[in-house]
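> Please construct the entire structure, taking both the sequences and the accompanying hints into account.
Chains as they are written, first to last, in the working numbering: chain A, 1 to 154; chain B, 1001 to 1154.
Do not take every clue at face value.
Sample of chain A residues lacking proximity to chain B, with all beta carbon distances greater than 12 Å (derived) [as the list claims (entries may be wrong)]:
hint: 1; residue: Y23
hint: 2; residue: D24
hint: 3; residue: S27
hint: 4; residue: T31
hint: 5; residue: T107
hint: 6; residue: T113
hint: 7; residue: V114
hint: 8; residue: I117
hint: 9; residue: D120
hint: 10; residue: T134
hint: 11; residue: V135
hint: 12; residue: D137
Per the computed footprint, the stretches of chain B lying under chain A, defined by three or more beta-carbons under 8 Å from a beta-carbon of chain A, are [said to hold, decoys possible]:
hint: 13; stretch: 1030-1044
hint: 14; stretch: 1059-1067
hint: 15; stretch: 1071-1079
hint: 16; stretch: 1085-1098
Read the hints as simulated data drawn from the structure, not as lab findings. Every residue gets a Cβ at the ideal spot worked out from N, C-alpha and C, and that includes glycine.
2 protein chains.
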Amino acid sequence: MPFESTDADAMLTADDLEVHHRYDLGSFRVTEHSIIEFASQWDPLPIHCDVEVAREGFFGGIVASGVHTLAIFQRLAAKTIYSSWAVIAGRRITDIGFPHPVRGGMTLHGVATVTDIRRDRSDRALVSTDGRLTVADQAVLTLRSEMYVRRALT
Amino acid sequence: MPFESTDADAMLTADDLEVHHRYDLGSFRVTEHSIIEFASQWDPLPIHCDVEVAREGFFGGIVASGVHTLAIFQRLAAKTIYSSWAVIAGRRITDIGFPHPVRGGMTLHGVATVTDIRRDRSDRALVSTDGRLTVADQAVLTLRSEMYVRRALT
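Shown next as structure tokens:
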């Protein structure tokens, strides 16, 4: 469960994390209304915003912006795990894939696995994570990210 | 300038695009209020949402969520170029870097360069693009993306 506290002493440091540990991030239900609302602001293309145009297009209907799908993953991960980690900053996301489209009415389920912890300095480590969102066990988002996390004071 | 029309005949196909062509995507000013508002919904970590905690942290103040920074890039690119391309779907984003933090009050300037056009089928091509957001010529976001774009009917 996430810490609600922002007390630095309550945070997990990189030394508390374990490679191969897999986290359940919970679920998020997306509606067509929210897909259109997000995309109207951040990715205003007809395939994400225009019901009529999207119906005639490749997917036969509105599909979520990839940025929206990523934002849903980040929300789940922030609320369940990153909020309890002593995060310094995200460094990069090395690969984001969108293997299947996200449509209104879907419930996306998130998981994240720590894949590497590189202790590059005495006070911080670079933590690599593989994440994914699935709908009925079919992946709709895959990503690999790296973030700096504080180490325990010794 | 972007096409406002969604008439398929008015769209640029992959055959109209050129490798090495560089597009100016215009600018977007971000406020600390909007950073907190975005992150409260999609990346609710103290470094993005909590002024007091962020002030004591690594950056000495609120910094934008990487997802927010990516969304700003996507908004600029969608409005200036992707809206006039016959986009089928985004395939993946292969590398997103966050070389410098984004803070309230900054004006982000976007550019995108077509780096590859792979005509993999008679009716579509995979178009690769390098994009970046800069503030006073310092990069705050870099990314490489791939999307499927329709080819001209022959």
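> Evaluate each hint against the coordinates.
Results for each hint:
1. Y23: 16 Å, holds
2. D24: Holds: least Cβ distance 18 Å, greater than 12 Å.
3. S27: Given a closest Cβ separation of 16 Å, the condition holds.
4. T31: Nearest chain B Cβ is 15 Å from A:T31, so the label holds.
5. T107: 18 Å, holds
6. T113: About 19 Å separates A:T113 from the closest Cβ of chain B, which puts it past 12 Å; holds.
7. V114: Nearest chain B Cβ is 17 Å from A:V114, so the label holds.
8. I117: Consistent with the label, A:I117 stays out of reach of chain B, its closest Cβ about 18 Å off (over 12 Å).
9. D120: 15 Å, holds
10. T134: 17 Å, holds
11. V135: Non-interface label on A:V135 holds, nearest chain B Cβ at 17 Å vs cutoff 12 Å.
12. D137: The claim holds: A:D137 sits with its nearest Cβ about 20 Å from chain B, beyond 12 Å.
13. 1030-1044: holds (count 4)
14. 1059-1067: With 5 residues closer than 8 Å to chain A, the stretch 1059-1067 of chain B meets the three-residue bar; holds.
15. 1071-1079: holds (count 6)
16. 1085-1098: Since 12 is at least three, the answer is holds.
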